[in-house]
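K.L.:
These protein sequences, in sequence, are chains A and B.
Once you know that position 18 of the first sequence is 18 in our numbering, the rest is easy, because the numbers rise by one and skip nothing.
Once you know that position 250 of the second sequence is 1250 in our numbering, the rest is easy, because the numbers rise by one and skip nothing.
Simulated from the structure, these hints should not be mistaken for laboratory data.
Misleading hints may appear alongside valid ones.
In silico lysine to aspartate or glutamate, EDC-like type, Cα no more than 16 Å apart, as pairs [to be verified]:
(1) A/Lys19 <-> A/Glu39
(2) B/Lys1155 <-> B/Glu1290
(3) B/Lys1005 <-> A/Glu14
(4) B/Lys1123 <-> A/Glu14
Just the calculated beta-carbon pair ranges, DEER-fashion [to be verified]:
(5) A/Gln86 <-> B/Glu1182: 10 to 20 Å
(6) B/Glu1237 <-> A/Arg70: 15 to 25 Å
(7) B/Gln1053 <-> A/Glu87: 19 to 29 Å
(8) A/Ile12 <-> B/Glu1237: 18 to 28 Å
(9) A/Glu14 <-> B/Thr1114: 48 to 58 Å
(10) B/Pro1206 <-> A/Lys41: 49 to 59 Å
(11) A/Glu87 <-> B/Gly1090: 45 to 55 Å
Note that the structure is predicted; figures quoted are calculated from it, not measured.
In this text, a Cβ means the ideal position worked out from N, Cα and C, and glycines have one as well.
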Amino acid sequence: MCLAIPGKIISINESGGIKMCKVDFSGVVQEACIETVPEAKVGDFIIVHAGFALNILSEEDANETLEIFRQLEMIDTEIRANEIRQE
Amino acid sequence: MQFTKEFRNPALAKAAINELHRITTRDWVIMEICGGQTHAIMQYGIDQLLPPQIELVHGPGCPVCVTPLELIDKALAIAAQSDIIFTSYGDMLRVPGSHDDLFSIRADGGDVRTVYSPLDAVKIAQENPDKEVVFFAIGFETTAPANVMSIIQAKNLGLTNYSILVSQALVPPAMHAILGSENNRVQGFLAAGHVCSIMGYWEYPPIAEQYQIPITVTGFEPVDILNGILTTVNQLEAGNIGVTNSYPRVVNEQGNQPAQKIIETVYQVCDRQWRGIGLIPQSGWCLRNEFDAFNAEKKFNLSHIQTQESPICIAGQILQGFKKPDQCPAFGKECTPRTPLGATMVSSEGACAAYYRFARNRK
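So here's chain A without its partners, still in its complex pose (with noise of 0.2 Å):
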């Protein structure tokens, strides 16, 4: 149920008084209400659940988090290369 999906924003209108946008699902367009997110533009990533954005994606973030597990499997690299060469 707690399931959502990222998705790009491609265009924002007005519907019945409410927010919404057309997010682009890796191909698959969908309608989602951004009230949640006032401030999101065309361009954003957006995270939708039950078509509602949760939040906007931040980018800076996702690369962060990744950044530490690269780090961590260079590591993890040298860790497992070391315990051969003593084998």
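Starting from the known structure of chain A, fit chain B onto it as the hints suggest.
P.N.:
Below, chain B without anything else, positioned relative to chain A:
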């Protein structure tokens, strides 16, 4: 930027798993609260890749599973009436009530429709002014803005034929209930990332402090889940207890404040029954009195409901992390997704459904 693909990168996941094997020295029991995470864990086999000392237990974060039987029976009673269009998220249709489910009501001629968004239910109400349209507004904090906006839109449109049957549950009181139980085994929590996207995680430090337990806000992709587990185990091993946000691309501490404001205009906190668990004080939302006209429980006469739970099903013990689905004697026998005895075998977030789908043939 691809927000999904990189977080499924097997090389990054492998590095995290190797690190977990290096740092884990003792037995730890960690609960993922959200049923969506339970399914991801089983689907990717993450539980099988962890060090044997780490046990994941599955939490109550499955709204379909904890919606009380009485409300499901009420939904069935409403949906069976003539001149009703009963709308619901798809997950809810096969959840067993005392005697029936929504699918069987539909098979008997009831107009039961699934919707992707509650705004679709409002549209149905607009297009069918001679019918009463009822939406089954279940969910945790994540789904509350969607459910609430349907009321706001129905009011804006002047609709008098739209109402909702509310089953809204809140996560932090459930965490208190689990940790406060004398049978509790949970030593660390993976907090539900999308609940926190709406509510933030400012409510969690007092819980971490009171029960001396690490709480890590966790996402849904394999790398996110491993990040949550790694952060939690690091804290457990070091004895550093606190709250960490390991899903910062979606979650911030204060949460989504416009969404919180929208929720507060329509809902107020109330006591809630949780199926299989019982009453948890102040653990849900219900409609404010000024929205009585949109409250299906007040609009329809439902006083004759008498519930009867399956005597075999152990869903309540599973939802609290006391037992695993495959410890249930009915698992995969009397109880399957086609013939579920309890809601945990139905939902795309139910722990029993996850075990049935991904792990029933494991040795």
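K.L.:
Could you run down the list of hints and mark each one as holding or not?
P.N.:
Each hint, compared with the structure:
1. The suggested pairing of lysine 19 of chain A with glutamate 39 of chain A holds, with an alpha-carbon distance near 11 Å, which does not exceed 16 Å.
2. Note on lysine 1155 of chain B and glutamate 1290 of chain B: the hinted pairing holds, with a Cα-Cα distance of about 11 Å set against a maximum of 16 Å.
3. As the CA atoms of lysine 1005 of chain B and glutamate 14 of chain A are separated by approximately 32 Å, the hinted pair breaks the 16 Å bound.
4. Distance check on the hinted pair: lysine 1123 of chain B and glutamate 14 of chain A sit about 15 Å apart at the alpha-carbon level, within 16 Å; holds.
5. Between glutamine 86 of chain A and glutamate 1182 of chain B the Cβ separation comes to about 48 Å, which falls outside the hinted range of 10 to 20 Å.
6. At about 23 Å, the beta-carbon gap between glutamate 1237 of chain B and arginine 70 of chain A stays in the expected band of 15 to 25 Å.
7. For the pair glutamine 1053 of chain B and glutamate 87 of chain A, the supplied restraint of 19 to 29 Å holds, since their beta-carbon distance comes to about 24 Å.
8. Evaluation of the 18 to 28 Å hint for isoleucine 12 of chain A and glutamate 1237 of chain B yields a failure: the beta carbon distance comes to about 47 Å.
9. Restraint check, glutamate 14 of chain A to threonine 1114 of chain B: a C-beta distance of roughly 26 Å breaks the suggested window 48 to 58 Å.
10. A hinted range of 49 to 59 Å is violated for the C-beta pair proline 1206 of chain B and lysine 41 of chain A, which are about 36 Å apart.
11. Remark: the range hint 45 to 55 Å for glutamate 87 of chain A to glycine 1090 of chain B is upheld by a beta-carbon distance near 53 Å.
Checked against the numbered hints listed earlier, the structure breaks hints 3, 5, 8, 9 and 10; every other hint is satisfied.
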